[in-house]
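Sequence order for the protein chains is A and B. Just so you know, we're using my numbering here: the first sequence kicks off at 1 and counts up by one. Just so you know, we're using my numbering here: the second sequence kicks off at 237 and counts up by one.
One thing to keep in mind: the hints can contain errors.
To be verified - Derived DSS-like pairs (lysine-lysine); straight-line CA-CA distance at most 30 Å:
#1 LYS35(A) <-> LYS97(A)
#2 LYS352(B) <-> LYS137(A)
#3 LYS333(B) <-> LYS373(B)
#4 LYS352(B) <-> LYS116(A)
Stated by the list, open to error - Partial list, computed: chain B residues near chain A (C-beta under 10 Å):
#5 ASP279
#6 LYS352
#7 VAL356
#8 THR358
#9 ALA366
#10 LEU368
#11 VAL382
#12 ALA390
#13 LEU394
#14 PHE405
Keep in mind that the hints were calculated from the coordinates and are not lab data. Quantities reported herein were computed from a predicted structural model and do not represent experimental measurements. Note that the Cβ used here is the ideal one computed from N, Cα and C, for glycine as well.
Given next are the chains, with one letter for each unit.
There are 2 protein chains.
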Amino acid sequence: MTTLPAVRLLAFDVFGTVVDWRGSIAREIEALEPKVDGAAFADAWRGRYQPAMQQVRSGERPWANIDTLHRENLDAVLDQFGIADRFDEAARRDLNKAWHRLSPWPDSVVGLSRLKSRFVVTTLSNGNVALLTHMAKNAGLPWDCVISAETFRAYKPLPGAYLGLASLFDLEPHEVMLCAAHAADLRAAAACGLRTAYIDRPLEFGAGQPGDIPAPGERFDLMTRSIIDLAAQLGC
Amino acid sequence: MTTLPAVRLLAFDVFGTVVDWRGSIAREIEALEPKVDGAAFADAWRGRYQPAMQQVRSGERPWANIDTLHRENLDAVLDQFGIADRFDEAARRDLNKAWHRLSPWPDSVVGLSRLKSRFVVTTLSNGNVALLTHMAKNAGLPWDCVISAETFRAYKPLPGAYLGLASLFDLEPHEVMLCAAHAADLRAAAACGLRTAYIDRPLEFGAGQPGDIPAPGERFDLMTRSIIDLAAQLGC
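Work the whole structure out from these sequences, hints included.
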């Protein structure tokens, strides 16, 4: 058990850290279009996520939430896969909501429930509030509250997301711990003074496809293998 | 059972509607200062709430959240009751957090839990996000998410609070129902196109002290006697 007495609030990245976006999106599209390679479709859709947010971060375009960006990206990916004529407006709207229905990793619900006994446990995701709320309801994720980059109009890894959360709870940055499967997110949080917990998710991008993992020798405050492991390391 | 098929999201006023601020504050101050009339202290503290928010609504002062306004009002009320010298900075900070620890009415947790089976259930309170989150954790209020006037920097009854919530969930105003014990809040929501449910809380201001009740003959979409009654009327 690690003692981090100052930490009051645990903030979780969600896509990839708490839920399996790739497997969930692949299942949804394969159920609709059995001839499509679901994992490839999920990767193509997700591949357009960071570039779309970067246009907002840079100020190249005004604020747009993730439901909006996902929908624009979906239209492009349906074209790319040659199946645009199979999806009318209503079908696209419904498929876009697949991100509201992502399945948790097997340890997520139990791990979060244990952590709630000692900490305030919130999201800090680039996903919008409605998406995160619907996802929590569908998957049984027991958040104490739902906080999004949308709340601050600052997509991670912009400092405004991390510092906005600390300010909202009247906490010093070192009283907040970001929990994430992605090194870039954790590095940006650490640069703002937050504590950091890495959660290894080796299957996020498929077997044998490492994601944004720590560099050789790089350490965060906690290095964990699951949310249950995080709870154990924090004595919950 | 009433059929309101379009309603997707139930938004609850909190102070007085879901929690008993008067009884809770009275108990906290009486535990600290047995000679103080707790109910009178609670009324005095709460009496400064609307005027303080009005300074923000009107633009007379910049945005300040409810923890900040409560603290300013607490300092004034401690002076008013002649007990300012009994509370140092740490004691004032702790007493100010009494609003984070308010007790629910007896029907609140069960009623909200039933409503969650069919609706997204959120707060729409002038209380700040941290206050509402701590309150929910302490009282076991099972919100799907915590939305505050702070999210929109628009204190109810400004339209920005009601319309901001509908927009956040990509809903039309008539797909959102405000549930509140105060007619002014419900009238403002109705003027924005929201559905409305009145919840009678005859003890909010003490026995025999009616609060902001509907005018004679005034009707909201639903007229209820508790959150359990609301759940029953909505078929949950």
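- Against chain A, run the beta carbon of THR358(B) and see if the smallest gap drops under 10 Å. Check passed: Cβ of THR358(B) comes within 8 Å of chain A, closer than 10 Å.
- Item | Restraint check, 10 Å cut-off on beta carbons, for VAL382(B) near chain A | holds (4 Å)
- Is the shortest C-beta separation between ALA366(B) and chain A less than 10 Å? holds (5 Å)
- Minimum Cβ distance from LYS352(B) to chain A below 10 Å? Since chain A brings a Cβ to about 8 Å from LYS352(B), closer than 10 Å, the hint holds.
- Message: Can you confirm whether the C-alpha distance between LYS35(A) and LYS97(A) stays at or below 30 Å?
- Response: Holds - the C-alpha atoms of LYS97(A) and LYS35(A) are around 21 Å apart, at most 30 Å.
- Query: Should the interface hint for VAL356(B) be scored as holding, given a Cβ-Cβ cut-off of 10 Å against chain A?
  - Reply: holds (6 Å)
- Task: Would you mind confirming whether the straight-line C-alpha gap from LYS352(B) to LYS116(A) stays at or under 30 Å?
- Result: holds (20 Å)
- Query: How about ALA390(B): closest beta carbon in chain A under 10 Å, or not?
  - Reply: Result: violated, 14 Å to nearest chain A Cβ.
- Task: Could you check if LEU394(B) really has its C-beta closer than 10 Å to a C-beta on chain A?
- Result: Given a least distance of 19 Å, the restraint on LEU394(B) is violated.
- Message: Does LYS373(B) sit within 30 Å of LYS333(B), going by the straight-line distance between their CA atoms?
- Response: holds (14 Å)
- Task: Using Cβ atoms only, decide whether LEU368(B) comes closer than 10 Å to chain A, and label the hint accordingly.
- Result: holds (8 Å)
- Task: Please verify that hint: ASP279(B), Cβ, nearest Cβ of chain A, below 10 Å or not.
- Result: violated (27 Å)
In this structure, the earlier hints numbered 5, 12 and 13 are contradicted, and the remaining ones agree with it.
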